[in-house]
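Chains as they are written, first to last, in our numbering: chain A, 61 to 427; chain B, 5 to 328.
One should not assume that every hint holds.
[As the list claims (entries may be wrong)] Derived DEER-like restraints, expressed as beta-carbon distance ranges:
no. : chain 1 : residue 1 : chain 2 : residue 2 : range
1   : A       : Q106      : B       : R37       : 49 to 55 angstroms
2   : A       : L318      : B       : P304      : 17 to 23 angstroms
3   : B       : I62       : A       : D92       : 47 to 53 angstroms
4   : A       : S240      : B       : A145      : 39 to 45 angstroms
5   : A       : L318      : B       : V41       : 50 to 56 angstroms
6   : B       : Q309      : A       : T396      : 37 to 43 angstroms
7   : B       : G78       : A       : E403      : 50 to 56 angstroms
8   : B       : Q309      : A       : G186      : 42 to 48 angstroms
9   : B       : S314      : A       : L318      : 55 to 61 angstroms
Hints are computed from structural coordinates only; laboratory data are not their basis. No residue lacks a Cβ here, since even glycine has one placed at the ideal position from N, Cα and C.
The chain contents come next:
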Amino acid sequence: MLSTTPAAASLRRDMGHSRSDHPNLVRLIAPDGTAVGDTDVGLSPQELRELLRLMILTRRLDDECMALQRQGELTVYPPFRGQEAAQVGSAFALGPQDFVFPSFRELAAALVRGVDPVEYLQYHRGTWHGGPYDPLATRFAPICVPVATQIVHAVGWAMGAKLDGKAACALTYFGDGATSEGDFHEGANLAAVFGAPVVLFCQNNGWAISVPLEVQTAGPIFRRAAGYGFPGVQVDGNDVLAVFKVTKAAADRARNGLGPTLIEAMTYRMGPHTTADDSSRYRTEEELAAWAPRDPIARYRRYLVDAGVADQAFLESCDGEAEERVATIRARVVGTAAPPPSEMFDHVFAAAPPSLERQRREALGDA
Amino acid sequence: MPEVTMVGALNRALRDALAGDPRALVFGEDVGRLGGVFRVTDGLQAEFGKERVFDTPIAEAGIAGACVGLSLAGFRPVAEMQFDGFSYPALDQVISHVAKYRMRTRGIASMPIVIRIPSFGGIRGKEHHGDSPETYYVHTAGLKVVVPSGALDAYRLLSLAIADPDPVIFLEPKARYWSKEDGELGVEGPGIGEARVVREGADCALIAYGTMVSRCLDAAGRLADEGIDARVLDLRSLVPLDLEALGTAARETGRMVVVHEAARTVGMGAEIAARIMEEAFDYLQAPVMRVTGYDTPYPPASLEQHWLPSVERICDAARKAVAY
Numbered sequence: 061m062l063s064t065t066p067a068a069a070s071l072r073r074d075m076g077h078s079r080s081d082h083p084n085l086v087r088l089i090a091p092d093g094t095a096v097g098d099t100d101v102g103l104s105p106q107e108l109r110e111l112l113r114l115m116i117l118t119r120r121l122d123d124e125c126m127a128l129q130r131q132g133e134l135t136v137y138p139p140f141r142g143q144e145a146a147q148v149g150s151a152f153a154l155g156p157q158d159f160v161f162p163s164f165r166e167l168a169a170a171l172v173r174g175v176d177p178v179e180y181l182q183y184h185r186g187t188w189h190g191g192p193y194d195p196l197a198t199r200f201a202p203i204c205v206p207v208a209t210q211i212v213h214a215v216g217w218a219m220g221a222k223l224d225g226k227a228a229c230a231l232t233y234f235g236d237g238a239t240s241e242g243d244f245h246e247g248a249n250l251a252a253v254f255g256a257p258v259v260l261f262c263q264n265n266g267w268a269i270s271v272p273l274e275v276q277t278a279g280p281i282f283r284r285a286a287g288y289g290f291p292g293v294q295v296d297g298n299d300v301l302a303v304f305k306v307t308k309a310a311a312d313r314a315r316n317g318l319g320p321t322l323i324e325a326m327t328y329r330m331g332p333h334t335t336a337d338d339s340s341r342y343r344t345e346e347e348l349a350a351w352a353p354r355d356p357i358a359r360y361r362r363y364l365v366d367a368g369v370a371d372q373a374f375l376e377s378c379d380g381e382a383e384e385r386v387a388t389i390r391a392r393v394v395g396t397a398a399p400p401p402s403e404m405f406d407h408v409f410a411a412a413p414p415s416l417e418r419q420r421r422e423a424l425g426d427a
Numbered sequence: 005m006p007e008v009t010m011v012g013a014l015n016r017a018l019r020d021a022l023a024g025d026p027r028a029l030v031f032g033e034d035v036g037r038l039g040g041v042f043r044v045t046d047g048l049q050a051e052f053g054k055e056r057v058f059d060t061p062i063a064e065a066g067i068a069g070a071c072v073g074l075s076l077a078g079f080r081p082v083a084e085m086q087f088d089g090f091s092y093p094a095l096d097q098v099i100s101h102v103a104k105y106r107m108r109t110r111g112i113a114s115m116p117i118v119i120r121i122p123s124f125g126g127i128r129g130k131e132h133h134g135d136s137p138e139t140y141y142v143h144t145a146g147l148k149v150v151v152p153s154g155a156l157d158a159y160r161l162l163s164l165a166i167a168d169p170d171p172v173i174f175l176e177p178k179a180r181y182w183s184k185e186d187g188e189l190g191v192e193g194p195g196i197g198e199a200r201v202v203r204e205g206a207d208c209a210l211i212a213y214g215t216m217v218s219r220c221l222d223a224a225g226r227l228a229d230e231g232i233d234a235r236v237l238d239l240r241s242l243v244p245l246d247l248e249a250l251g252t253a254a255r256e257t258g259r260m261v262v263v264h265e266a267a268r269t270v271g272m273g274a275e276i277a278a279r280i281m282e283e284a285f286d287y288l289q290a291p292v293m294r295v296t297g298y299d300t301p302y303p304p305a306s307l308e309q310h311w312l313p314s315v316e317r318i319c320d321a322a323r324k325a326v327a328y
C-alpha cells in the first residue's frame, strides 16, 4: 500500500518527482534559464547552439509524427515531447565509436546519432520491424519494445568492446518502468561484474503508460547503482547541458576502463504514452501545467540568448530549418511503399531451409 | 579406433572451435573453473583463458541477452544454460531477440549464437532437471534446433552449430552424456537439417531424436526377434526438419512410429505426423503412432521410467502399426 494520498503524490509530482529528487541532483540551468552551476561543459559556442538546433528540430519532427499518425501515415507513434534535452544532451555526448541501444521513444537520440529518421520511422509506419536502418553502420541498435531487454544487449556489446580492447562504450536508454524488470537487474549486475563500458541511461519521465513512478518503485532509481558497485547520478533531464555533462563523464569513465554508470535523468513525458493512449484517464491537467514551465527548449533558449551565444536570427534559422527538413522527411515517409511480401521469408535465416522455401512458394507461387 | 563419450566429444568440439575461431567465446554458469556441472567445458578455461571461457552470474536472461550484444560486436557466443528447467528465464531474450534479430535488421545483423542446454530426463534428476523444452524453440521462427543422439554426431552437430550464421539451440541429452562411441571425430557427414537412418528396415520406421534413438535401436532389436524389420531414423535436427527423409521413410515402410520424451500434446510427434500425411498420405498403411511422455509434469526419479517411452511401449506401437 502506498502510505500517501493520491493528492499528496500528485503534488510531489508537480514539484518534479521531488520524492526521489536528490540534494545532489545535477542541474546547471534552472527552469527559468538562469545558470545555477558551472555551465562551461567544454562545448564551443557553435556546439552549444547545435544542441538547441537539434532540440528544436526533433520537437518539430515529433509534432509531425503525431500528425502523420493522425493522418493514417504511421500506425502507432510514441511521442517524446518534453524529453528532448534528455535525449539530445546524452546522444551528443557520445563519440562515433560508441553504440546506442534504444528502447522505443528515442527518435531524437537516433537523429542526433545520424540515423535517417525516414528509415527509423518505417518502424512506426509498419513497413518493417526494428527499424530498417543499418544498426551496425549507424551504431544504433534496432528499436526495442520489450521493456528493458535492450539493457543486456548493451552490456553484451560492451563486454565485447572490452574484450577487443576498444576505447568505446555502449549507452542504453530505458524508462523508469524498465527498472522494475529483471533484465535491468541482470544487465546492471553483469555490467558491474565484467566492468563493462556501458552507460545505463534512465529517462525517468514519471509515467510507465498509466502507472506513476511511486507505484513503480519506492526508492530513487540512481541509488540502486551503489548496490551493484558502480556510480549512480541523478540529473535534471530537462537541462540539456547537465545531461551532456554527466553523460560525457560516464562515457569517458567507461572508455577509460572504469566500468558502468547509471544515470537517472529526471524528465517528464508531456504527451501520451503513444497515439493509442489517452493520458487524461490517469493524470491531471494540473500536473501537465506544472511541468510546462520546466520545458527543456524554452529554458535552454533563454539561457543561450541571455549568455549572448544565440541571437534572434539563429533562432529563426532553427525554426526555418526544422520546417524545411521535416517537410522533406514527411514527403519521404509518405512516399514509402511496403516491402515485397517475399521479404517475410528472406531474413529468417541466412539461407532459408527447404521447408521454409516451400512455404514461400505456397504464399507467393514461383515468383 | 578411439573411444569417446558424448561429454568428451562435446568438449572437443568446443575446444576445436575456440582454437579455430578467435571470435568464439564460451560462457555460462560454472563453465569456467569448474568446467561445467557435466564437465562439458572441462579444461577450456585453462587452455583458452578467462577472457574467452568464463563464468557468469546466475542470470539466464542476461546470458542470452549478452549473446545478442556480443554478436553485434562480432563475436560468436557459445552459451550454456545449466539445465533445461533453468533455461526459461532466457526465453524472452531467445524468442524476442535471438530468434528475430536477423529479421528485425532486414538481414544485416547475424546472430551466430549457440545456446547449449543439457536437456531431457532419464538420469534420476531432481525436478526441473528432466524437462523436454524443444517445442518452445521449434515453434519460434528463426531458431535452429538440434539434438545429438551419440558422441560422434554430437561433435559434428556442435561444430556445425558453432559455424552456423544463425542461432542454434543445442539440446544435449543428459542421459547420453556418458554413452561411448568408437570412431574419429569430424564434421563430414549429414549437416544440420538432415536426418540419418541409423538402422535399415522395411516393415516400419521408428522416428526419434536424442536419447530415444538408442531406445528405438533396442526396440528394433527386439522387434527383429519377432520378425519385424524396423528402420530407425535419427532426426538430429528438429529445425530445419528433414521432410525428405520423413517422406522417404513413410513411402518405403508405410508404417511410422514417432518417439519422443516430451509430453504428447503439441509435441514434435504432432508436427511429424502432420508432415508425414502431407508428404506421403497415400503410402501409409497405418495411422502414425506416437510414443511419448505424458501430459503431466516430469515425474520424480522413482517414477521416471514409467513416464519415458520404454522399449516395450515402442515395440507395442510398432506391432500395432504393422498389424493394422
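Hint compliance check: list the failing hint numbers for this structure, sorted ascending. 2, 4, 5, 6, 7, 8
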